[in-house]
Structure formats: structure tokens, C-alpha cells
Amino acid sequence: MTRTRTPGISRRSTLALMGAGAMSVAAPWVARAQAKTVKIGMPTILSGRVAQLGTSSRNAVMLEVDKVNAAGGLAGRQIEMVVRDSKGQPQEAARVARELVNTDGCELLLDGEASSGSFAVHEVARDLGVLCIHTCSEASSLTADPKQHIPNAFRCVRQGIHDSIVGGSYAAAISKAKGLKKWATCSPDYAYGRDTTGEFTLYLKRFAPDVEVISESWPKLFQPDYTEVVTKILQAKPQALYSCLWGGDLTSYIDQANIYAMFTQMEVFAVNMADYTALTVVKNLPKGIHSGNRYIKTYPSTPENAAWGDAYKAKYNEYPTNWSWQNATAVMFLAEAAKKANSTDGKKLAEVLAGLTIKCPFGADGTVTMRGDDHTLVGYAIGWGTTIPQEPYVPEVKAGDWKTIFELEAEWKKSKGYT
Amino acid sequence: MDLDALTGCLSSSACLVTQTTSGLIIGMLLFLVAVGLTLIFGVLKIVNFSHGAFYMFGAYFAMTAYHLTESFALAMLAGAAGTAILGLIFERVFMSRVYGADVLMQLLVCYAFVLIFDDVVRLIWGPEFKSMGMPAAFQVMPLFIAGGVVPPYYLLLIGVALVAAIVLGIGLSRSRIGKVIRAAAHNPGMVSALGINTGLIYGGVFALGGMLAGLAGALAAPVRSLTPGMGFSVLIESFIVTVIGGMGSIVGALVGALLIGLIRSFGSLGFPLFTEGLMYLFMVIVLVSKPTGLFGKEAA
Numbered sequence: 001m002t003r004t005r006t007p008g009i010s011r012r013s014t015l016a017l018m019g020a021g022a023m024s025v026a027a028p029w030v031a032r033a034q035a036k037t038v039k040i041g042m043p044t045i046l047s048g049r050v051a052q053l054g055t056s057s058r059n060a061v062m063l064e065v066d067k068v069n070a071a072g073g074l075a076g077r078q079i080e081m082v083v084r085d086s087k088g089q090p091q092e093a094a095r096v097a098r099e100l101v102n103t104d105g106c107e108l109l110l111d112g113e114a115s116s117g118s119f120a121v122h123e124v125a126r127d128l129g130v131l132c133i134h135t136c137s138e139a140s141s142l143t144a145d146p147k148q149h150i151p152n153a154f155r156c157v158r159q160g161i162h163d164s165i166v167g168g169s170y171a172a173a174i175s176k177a178k179g180l181k182k183w184a185t186c187s188p189d190y191a192y193g194r195d196t197t198g199e200f201t202l203y204l205k206r207f208a209p210d211v212e213v214i215s216e217s218w219p220k221l222f223q224p225d226y227t228e229v230v231t232k233i234l235q236a237k238p239q240a241l242y243s244c245l246w247g248g249d250l251t252s253y254i255d256q257a258n259i260y261a262m263f264t265q266m267e268v269f270a271v272n273m274a275d276y277t278a279l280t281v282v283k284n285l286p287k288g289i290h291s292g293n294r295y296i297k298t299y300p301s302t303p304e305n306a307a308w309g310d311a312y313k314a315k316y317n318e319y320p321t322n323w324s325w326q327n328a329t330a331v332m333f334l335a336e337a338a339k340k341a342n343s344t345d346g347k348k349l350a351e352v353l354a355g356l357t358i359k360c361p362f363g364a365d366g367t368v369t370m371r372g373d374d375h376t377l378v379g380y381a382i383g384w385g386t387t388i389p390q391e392p393y394v395p396e397v398k399a400g401d402w403k404t405i406f407e408l409e410a411e412w413k414k415s416k417g418y419t
Numbered sequence: 001m002d003l004d005a006l007t008g009c010l011s012s013s014a015c016l017v018t019q020t021t022s023g024l025i026i027g028m029l030l031f032l033v034a035v036g037l038t039l040i041f042g043v044l045k046i047v048n049f050s051h052g053a054f055y056m057f058g059a060y061f062a063m064t065a066y067h068l069t070e071s072f073a074l075a076m077l078a079g080a081a082g083t084a085i086l087g088l089i090f091e092r093v094f095m096s097r098v099y100g101a102d103v104l105m106q107l108l109v110c111y112a113f114v115l116i117f118d119d120v121v122r123l124i125w126g127p128e129f130k131s132m133g134m135p136a137a138f139q140v141m142p143l144f145i146a147g148g149v150v151p152p153y154y155l156l157l158i159g160v161a162l163v164a165a166i167v168l169g170i171g172l173s174r175s176r177i178g179k180v181i182r183a184a185a186h187n188p189g190m191v192s193a194l195g196i197n198t199g200l201i202y203g204g205v206f207a208l209g210g211m212l213a214g215l216a217g218a219l220a221a222p223v224r225s226l227t228p229g230m231g232f233s234v235l236i237e238s239f240i241v242t243v244i245g246g247m248g249s250i251v252g253a254l255v256g257a258l259l260i261g262l263i264r265s266f267g268s269l270g271f272p273l274f275t276e277g278l279m280y281l282f283m284v285i286v287l288v289s290k291p292t293g294l295f296g297k298e299a300a
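Just so you know, the protein sequences line up as chains A and B, in that order. Quick note: the first sequence, position 32, residue 32 per my numbering, numbers continuous. Quick note: the second sequence, position 262, residue 262 per my numbering, numbers continuous.
Here chain B stands alone, though its shape is the one from the complex:
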């Protein structure tokens, strides 16, 4: 424990800026993965254990597109669009068969695909780790804001994630499609009786969730090394986020992810050997005081 370092940091603007942005970066990437997870659970009532694989595919798609085209924008697009298509196919061909089945069955299907997807990556891209490389446009000196260090790439990353959060939030609450999705989550039988193709809605939501995770993977690709199985650790943290925020709540995912990010960045100063533990401890506290998560609704 190193509380001096923590209090020292809290009283210095430079440290505060650096650590807060570092927390936001970790949190925002986590949010993109977790929000897909929570969306899929909210509408499809499925805990998608294979969600980390979409993060992984997003990173690999982005890397391949970047190495082929040298274009960062196309790389992001490839990461997001590729995983959206993959998500749609995965949902229509496999997941749609286990709706309403035993939870254990759903879990087994997902887990099987965790292993299969890892091996597919190994077959296509090889077992060794890869690196996408930072695009030249972002190979610049970091910005110094109030003495704190902020890399420009991370500003972009936070911005993209924030836009995704806002579009998602407004889209779901205001647009017609959003209303249909929410209705389908609430009462799929009635929605279907009104002549709306719920299969399409389910496929679309799954594709959207996959796309967000893929976007997170694509955004992370320039700074994280790519290996088969890279989705797993992200998945675990995403679960912590959804549990803290409340399963099915988008605001919850955002708040949960940012809290985890900040706990990691400030925890590594004050409790360098207990940073991981802090996340779990926080999860336990939330679960004990509010078992449905911070923004979760009470079960009917």
C-alpha cells in the first residue's frame, strides 16, 4: 500500500490529469465491449460468453486492413463492419438455435465458440503475437494539459467511444428502431404479433453488439499486441463492468466501465499490488448493497 503516492497525486494537477485520462481510456474501451454484452443480454436474454472473440476479431480485421491499405479509417471500418457481419452470421446460424434453451446449453455453445474462434485466428494469422503499429498521423509528441500527459491518439479513442455511447443512448430511447428493440426486449411475443420480424431485431442487436466490441478491438489494435485468446481477459473485466452497472443497462455499462478504469489508474498508485483485487472488492461492495447493480432494474 502506498497511500502517500495516492494523496500526492490527488493534490497535483499534472498527476490528476494524466491518471484521469488513463482511467478514461481503459474505461472507454471496456465500455465498448461491455455495452455490447449488456445490450445482447437485455434484448436476447443471453449471456454471450463468446463476446471477447469479437473484440479479438475486430483487432485482427483492423490490423489486416491497415497493413493492406495503410489507411487508419479503413482499418477501423474493417474492424467494426467485419465483426458486425460475423455477429449477424453467428447469431442467425448458431445462437438463434439456443434461445429459450437451458442456460447451461447457451453457455456451452458460447464457450465452444471461444475455443473455435481462437483456433480460427491461429489458423489464419498464426499463433505468434502481432502488432498493428501506430499510424503515422498519431506518432506525435503527447499533449501536455495542466502538466499532465495526454497522447492525442487516446483523445481520439475517448472521442469515438463517447460518440458511440451517445448515438447508442439517443438511438435506443428516441428512434423508431430503438423503440422496437426496447419493446422486443420487454415483450417479444407482442412485438412479433404486431408484424415485426423479431428474428431480424435479434440478429441486428447481436450484430450491433459484435460491432461495438470489434470497434473496441480495432481502436486497441495500435497499442495492444494481438494474440489468439486476447479477448478473454477483456471479457472478464466486461463482466465485472456489467455486474457493477447492472445487466441490461447502457448507462450502467458506461458508469461501471469508467469506474473500473479510474480504479485501475488510481489504484495502481495507491495499491500497486492490489489493483486487480480492488476491482473485485468494488464489485462485491456493489453486489452486497445493490444486488441488481448500480443501474439495474429489480427483477419483475
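One chain only, chain A, in its complex shape:
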């Protein structure tokens, strides 16, 4: 059997593609007449290894959008969500975001991408001028770096640097109390793992200067077996271990470290442990792992937060994730901003959003704020505690102090040359 067709893109299809590209530029979204409903586009990860997080983002958005629509919608217009799968690939996220605005007529964007994709969507927002709220990316530079700043983009997400400051000070306090001087780290070998671990140890050493990191392990992301890493850490005999492994990698690691009785030999600080995705999957969760709060319905321990967690579980038959509360909060911000601006116009919403404080079940004091100068979320509930193997999983959470966070964050920004 022979085929004569040459591979690759022919001249004709290239021309067709270019034509299609020109069309989409020539038909800007702003020119559309205001429809009865307001479409909000949302690229997120609905397939692949972290699909669970993307699905939980969509679920949380839908939960809140239903409430907003039942209460009359955004400035009188019903919300219609258009959620698309980016497969977790940055170039796909950018393409989907552009298509949502240009082809589907979405007037606002909720960017449910992980850090890798969010920077790509951010550039699309910069290019198209459409209002965009990032709802999943924790990478500090997304809003801290003034080069990234655009008036129409906001980040409604916890931030890496906040977590590091709170985690570092929490761990330092325990280090001092228990005399933990020798530390080991074990984190996935990619930007998130390296940055987060670096920042955590920076603040740990700042608050407890006699701490020494004696062993570092950098397993690959999605590595199936951690035995050699576990035994290496056992050889080093540290008194404490920090890890920012997450999801299936973290549960694998715990299962494998468990049979070496690692958790009886050192204090373990795993920032991503206290998330229902990991807590409910690990069958033999060791007692006493220190973790940051991702999302648990018992922290902040308010009736509002518990009710929200239960409502989510009732609707979707599983607990919300860290990505869930962030996405829900973004919809709450949009609803409040639309009420204040009495409009769904992106520019007007952006003006109101900057500096806006709203009541929110996930706030440290019942409110959260979209900080005006760098368009990022502050005042959310943030803290660390230790795990137990059954609900409520983290019975007591020591809250982070936002005053300290602000001081050290400002200092960090200066050291990075951001201010």
C-alpha cells in the first residue's frame, strides 16, 4: 500500500489557518451587543493526573454561580459558565482562553489553571484586556512581580510566599520547643517544589537560626517509588523532615515511608497533607504529621465554613479541595463587585475589585480582601496543625498572623527587587 500524500501542513491549509487567525482578530469580543446572560469562560484541568483538582474547581464555581443566579445574577444578568479542558498544558490553556473570549463570547475569565498555565492565560488577558481572575496559581511572582501587573487581572488564591512565612514560623516554634536542629527536605524536582522548599527553609532558619539542613532529596514529579529516597533520609538521621510533595506522590511517599517507621523517627512537616484529596485516600495516615491548611471544613472553625463544606459534599459526594474554596471565593468577589458597580463591564468591575473586602467563609476573620496595589488575595484563613487519622483530620490549627505575613512579605518583595 502506498500513499502519495505528503506529511505536514500544506500551503492551502496554512492559508486557511492564517485566514481563521485574521478573522478572530478582526472580530473582537467588545463589539458584541450585550446579551441577556453574561458568559464567563474558564479554562481548567479536567483530564490527566490532576484532573481531580480541576473538577473540584468547576464544582465549586457551579455551586456559587447557582447561588448568584438564584439571587438575580450579576447586575441582573444570569451567569452562563463555559468551562473547557486545558489538559494542564500552558499552550492549550492560552488557546482555550483566547477562544473562550473571541469565539464563545465570554466577557469575563476565571483562570482555573495551575501555575504553569496561569502565566499563559495571564498573557492572553493582557492582550485582550478582558477581566481575568486567577483562581488556582499559587506562584508568588504572578502578582508580586510588577512586570506581571495589569489592571484587568487579579489573583484569588493563597500565595506561596504567605505559606512559607507561616510554615517557617510555625516550624521554627516547634523546632525551638523540641530542639529540632537537623532537618532534611524531600520535595518534587520542579519549579514549585524547589521554590517552596527554598522559601520554607529561608523562613525556618530566620526564625530558628541554629537549624541546619543536612540532607536534600529531589525525587521526580510523579515518581512511582520513593524507597531509595526514604532510606537515604533514614541514613541521614535528621530530627525533622520538610516535604511539599502533593497528591498521589505524597500518599505513595507516606505509604512507603510508613513501613520504614519513618514517622516515629522524626517530626514530619508536609505542607500539602491537610487536603481532603490526600487525607481521605491514605489508608494508614500516621498521627502527628504537621501540615498547612489547604482546605478543611473545620478551619476556620466557623458555622459558615462548615456549612459550605457540607453543602459541597452533599452536592458532589466528595469533600472540596484547596482549589475549590479559591474558585468559590472568586465568584463571591465577582458577585459583590457587580453589585457595587451595578454593571458587568470588565473595566468597572476591575475598578471596584481592587481593594474590595467581602464577607467570606474562608477569611481568617470572616472577611477576605483583594489587595489594591498588587491585585492578590489576603486575609484568608492560613495556619498549620497536626493530623489525626480520622475526621476532623486536623483537630487544632495554629493560625498564621497576617501582620507578620505583611511585614515579611514586604521585605521579601524588596529583596526580590519587586518594590
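Treat the hints as calculated values from the structure; they're not laboratory data. The reader is advised that the hints may include incorrect statements.
Here chain A is said to cover these stretches of chain B; the calculated rule only asks that three of the stretch's residues, wherever they fall, bring their Cβ under 8 Å from a Cβ of chain A [unchecked claim]:
(1) 69-77
(2) 121-129
(3) 139-150
(4) 214-225
(5) 230-237
(6) 250-260
The following residues of chain B were derived to be distant from chain A, with all beta-carbon distances above 12 Å [as the list claims (entries may be wrong)]:
(7) 167
(8) 182
(9) 186
(10) 194
The C-beta atom is built at its ideal place from N, Cα and C for all residues, glycine as well.
Put chain B on the given structure of chain A with help from the hints.
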């Protein structure tokens, strides 16, 4: 590079014991997957790129059986038997159609099934990761041998894999079926002319290969998280093992797998940032000095 850590470890019995057993565990699981791969290649002359899927199914079958019955033995049995049946069906219905076809064709069929099997798992068990949990009998303190740490579960794991290796080795060299299989690998036309059903032999070998990979998956299930696509990384390492050991050689698969396991466990001490690289480097050295692999036979 951290050569001090490596030499320090080599001179301490505690470290030596711990790292060697950790290397053996990684190696033995890898051996179970790789030996199926090499067996299928040796007899069927097919490079089974979908082999990782059997490892994955073994783990999922074991988890489901364990959660239903709470019995670890039944879980292992379900993992092994389930994948054996799956292997037989897969070979008879699909793979048997591409024997003698272009290598590219075989590759495409296998790759298609890598994707299909992943999606089947996603449909049945869901896209999120799962954990089987360690059976209560093995939730005990690890043993301390010469100061080194050895978890009892890993002793069982090494034992099971070793038994499988011995049974396989003796079975193939001594038993009648083993002789027929070897004959079929050598000259299928003649075997068939002697009145032996080669189709059955092929199906049986494929089922055996699938079963070994499934057993590896079942043994790994209590300590590794289960996700669709979990077979892929194991497959890549299995290929390295078969290339080092020599395609078609069972002893080669055993030696290759143990070498890779030991390289990983000691490499992570001495070359923490180059552990993966070491495996490939070792493969390159073997390929350059002996292109057929350590125990591979020269092509006729």
C-alpha cells in the same frame, strides 16, 4: 555529587543493609515486569509496549479484591489471575493478528491499547489517585538487621519475586512445557508441524507475561499510589532492564533489574541529582561494550 555520603555508606553495615534491600525491592518489582516483557519478546518476537498496562491492572485488581474481601492473599491472586486472563484475551483477539506484520504496525496496536487501557481504568475506577493500604499483618515495626532497616513487607515482596524467578527459570529449562516454549521460540514452524498448537503456546506465554506484570502491580499496590497511566514509568525502566540484560534472556532480566535497583539506591546517595542519568549512562556503557546486552545472544 556527594561521594562522601556514598563512601560513608559503603563502610557502614547499617547503611549497606538498608540501601541493598532498598535496591533489591526496586529491582525485584522491576524484574517481574521486565521478565514478562523479555519472555514475550523471546517467544513471540513482539515488543509489547502495552506491558505497563498489565502492571496497572494488577494493582487495580488487587486493590478492588482487597477492599472487597480484606484478604491480602486473595488480592495478590486477583492481581495475578486477572491480568493472566486479560493477557490471554488481549493476545488472542488483538495481538495474534499482527504477528509477522510490520514492527510499526505492532507498535501502533500496542500504543493504542496503552491509551485505551488507561481510559478503561479511568472509566471504572475514576481519574483520581487511589491507595490500597497496607494489610494489618504488615503494619509492624521494621526489622533491624545489622543496624539496617528492613520492612517485613519488603522481605515478602523479595521472596515472592525470587520464587517466581526460580519457578520460571526451572520451568522453562526442565519441564516439558518449558521445552516446547523454547522450541516454539526457536522454530515455530517445526513445532507446529509436530502437532503442537502454537497459538495456544503464544497465548499462554502472553498470559504468563501479563500475569507476572500483574503480580508486580499487586505487590506494589500497598505502597504505591494507583493512577491511570501508572504503568508507563515502570515500562520505561523495564525496557532499560531488558536492554541491559539482553532481550529474551530471563537471567539477563534478573541481573539487569537488580543492577538498576542497586544503581538507584546507591546512586541516590552519591549522585542525588543524577540518579536517573546513572541508569541511562549504565545502559549506554553496556550497549557500547556488548550491543546484545549482558546475557543476550548474538543474532544469527
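Review point. Of the hints given before, which are not true for this structure?
Key: Of the numbered hints, 1 and 6 do not hold.
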